[in-house]
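As you go down the protein sequences, you meet chains X and U in turn. FYI, the numbering for the first sequence is 1 to 388, going by the UniProt record's numbering. FYI, the numbering for the second sequence is 1 to 388, going by the UniProt record's numbering.
If you're looking for bench data, these hints aren't it; they were derived computationally from the structure. Any given hint could turn out to be false.
Which copy? The list can't say, so a pair holds if one copy fits it or any two copies do.
Unchecked claim - Here are the simulated DSSO-like pairs of lysine-lysine, each with C-alpha atoms no more than 27 Å apart in a straight line:
#: 1; residue 1: LYS187; residue 2: LYS208
#: 2; residue 1: LYS384; residue 2: LYS43
#: 3; residue 1: LYS108; residue 2: LYS204
#: 4; residue 1: LYS384; residue 2: LYS20
#: 5; residue 1: LYS387; residue 2: LYS331
#: 6; residue 1: LYS208; residue 2: LYS108
Protein chains: 2
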Amino acid sequence: MSIEVDYRFPPGIEAQRQAKVIAVGQTAGTWDDRFVHREDSLKRHLAEVVSVETDEQGYSIARVRFPELNVENDIASLLTMIFGKYSLAGAAKVVGVHLPQTYGRMPKVGITGIRERVGVRDRPLIMAIYKPALGLSAEDHAAILEQVADAGLDIIKDDEIMGDLAVAPTLKRLEACRRVLDEVKAKTGRTVLYAVNVTGTADKLIEKARLLVREGANALLLNVLTYGFSVLEALAADPEINVPIFAHPAFAGAMCASADTGLAYSVVLGTLMAHGGADAVLYPAHYGSLPFDLQEEQKIRDNLRSRNVFPVPSAGIHPGIVPKAIADYGKDVILNAGTGIMEHPDGAAAGVRAFFEALERLQNGRSFELETLPAGALRRAIEKWGKL
Amino acid sequence: MSIEVDYRFPPGIEAQRQAKVIAVGQTAGTWDDRFVHREDSLKRHLAEVVSVETDEQGYSIARVRFPELNVENDIASLLTMIFGKYSLAGAAKVVGVHLPQTYGRMPKVGITGIRERVGVRDRPLIMAIYKPALGLSAEDHAAILEQVADAGLDIIKDDEIMGDLAVAPTLKRLEACRRVLDEVKAKTGRTVLYAVNVTGTADKLIEKARLLVREGANALLLNVLTYGFSVLEALAADPEINVPIFAHPAFAGAMCASADTGLAYSVVLGTLMAHGGADAVLYPAHYGSLPFDLQEEQKIRDNLRSRNVFPVPSAGIHPGIVPKAIADYGKDVILNAGTGIMEHPDGAAAGVRAFFEALERLQNGRSFELETLPAGALRRAIEKWGKL
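Pulled out of the complex, with its shape left as it was, chain X reads as follows:
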């Protein structure tokens, strides 16, 4: 099996020559007469240039095929090989990574497992983010959860910058919120997932994740790009971590926002996350509050779903975008809102209800024009945030 990578070079770069530099320089390199006795072995590690195509604007895409035996079936060794030293060499962007189906790992829980756990098979899931992000106590978190869980929320997550801080230590947040989750379960039979942000140096983070799961955490949130893909993979491979891992895109822009360097968002948040073991991946929706390209969003969605990973378009999501989101995604999507739930004019519970009203209204083929909306949570949300 082989690994094929597409590199895009801007006009003025000799793409054929650079592709060859990659194929040799990022693998065995060159050798002289002293290593003739190892020539067969050395050759097996070389990559080869498959194709180079140049478009009308002068951008070239070169495809390079790497031997799988150079890497360790993980994302970190893959990145080191395909774009380690070469990332420092000049203008080139990794716009596609084509891996064997067996490369890396599949999600342990994924779309089907998350649906089973929350007991919802036939509609999009609704997810909220605790806001304000920092400064509330563990009990404040529990109080918020009580409101949104009662209103029918499926999943809640910490803000990505909420670490293990004195103001609300991770285990205390879990304990306080776990009581609410248990009450909801007892009262309604519903399982609500709380993705707890797991942080720390790699060894401590893995230990903490195991402790959180033992203490009742039913989902985890990981900032994969600031902690490292190797940490995601360790959690994904760990039999004790039998809960879904939600991957957050924090820091993705540092490696993806540039036109001519770094990697495409669809590679990092799509392909690599999907082969790294994430169960659900957050990323910006193209009509949200962050600038994002529609095609990249579609590729992420498709890359994730092809491996049973839940797509979670985020950032600036509110009830008014439901028709657009469902047109783009159908039902296998998690709609994730922070302020779009928490800052509903009538409170967070109304924020959740507004999403469900929107789903129902859409199901029934009804209009979202403001004047057609009955009084209630959805109308109030659309008065505040508008609709797409």
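Given chain X, work out where chain U should sit, using these hints.
Below, chain U without anything else, positioned relative to chain X:
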């Protein structure tokens, strides 16, 4: 204590407004009347804009001061806060990170400890990289080591893409090379360091690092940016890992090569490595084979040395650059060459000798002009690679 971060915005961006977005959006966020009872706590987590300055070209630098209580004294939580979501927001580059001296960790070994271990106090250290990078057996590695160690080399390292591969498993490479290191020690009393590339998913990587040290590894190499700063920090904090950690810059270009997005090389390879616990850090020399900015190189050097971390300018290093390198660095530098040692026309041992001849010639104030050089390794090197 506080953390100050400099963001550079290109012309056309409202820097004052964006700095405020960062100060609020990357910390507590906004809140409404429902959280008045937590106002004091929430305010303590907010960042503030310290200054915004715009130059004649229209580039602005905004300094934002973050409370240290928002983060966990590590690099991953720091990156999530200062550039997590905001990295996806548009054109902005992190060009400076100013941390309290106590933030993160100091190297366990560092410049002074590496000098003690190799027993060299008063000159630059000479380091080689195994080449070809992939495809040689463990015994091939030992044979190469024998040549270069006999010639007086101080340190050798794996190529960064050499993982734990069937062709030469990591432990086998160590075992084969360890025998050579022991022989050199017995024969000459000299300690030669071999920085073994440590790889794998985070949990396995940390276990492997401990095993390697137990089996006699006297240095480690880590691709910090593909495996994660949280892995570097775990190794650095581990009392069993009592050997220097050499940090490799593979993948740095993915987050640093863009003019207007990502982070400056001096932040990632200087400040963050120096507070993350690396003992020595590799990065491109500005006159080497990779494009690199002189000022960024100087900042990296100074950021590293300010915390006793060894600077290792690399890529395209050969004996002819010694006068330039020593003018830039003085003696506290590790000169690291791959092909510049391994592909010396008279073999790798001659490559090492050429570096020592160059150091001695420089010490004695002699010319490096080809016609003035006596026959020998240095002359042969400069015939092949020239001089600066």
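A quick look at each hint next to the structure:
1. LYS187 <-> LYS208: So LYS187 and LYS208 fail the 27 Å test inside a copy (30 Å) and across (48 Å) alike.
2. LYS384 <-> LYS43: between (63 Å within a copy, 26 Å between copies)
3. LYS108 <-> LYS204: both (22 Å within a copy, 19 Å between copies)
4. LYS384 <-> LYS20: between (55 Å within a copy, 23 Å between copies)
5. LYS387 <-> LYS331: Within one copy only: 19 Å inside, 65 Å across.
6. LYS208 <-> LYS108: Close inside one copy (19 Å) and across copies (25 Å); limit 27 Å.
In the structure shown, a violation is registered for the earlier hint numbered 1 alone.
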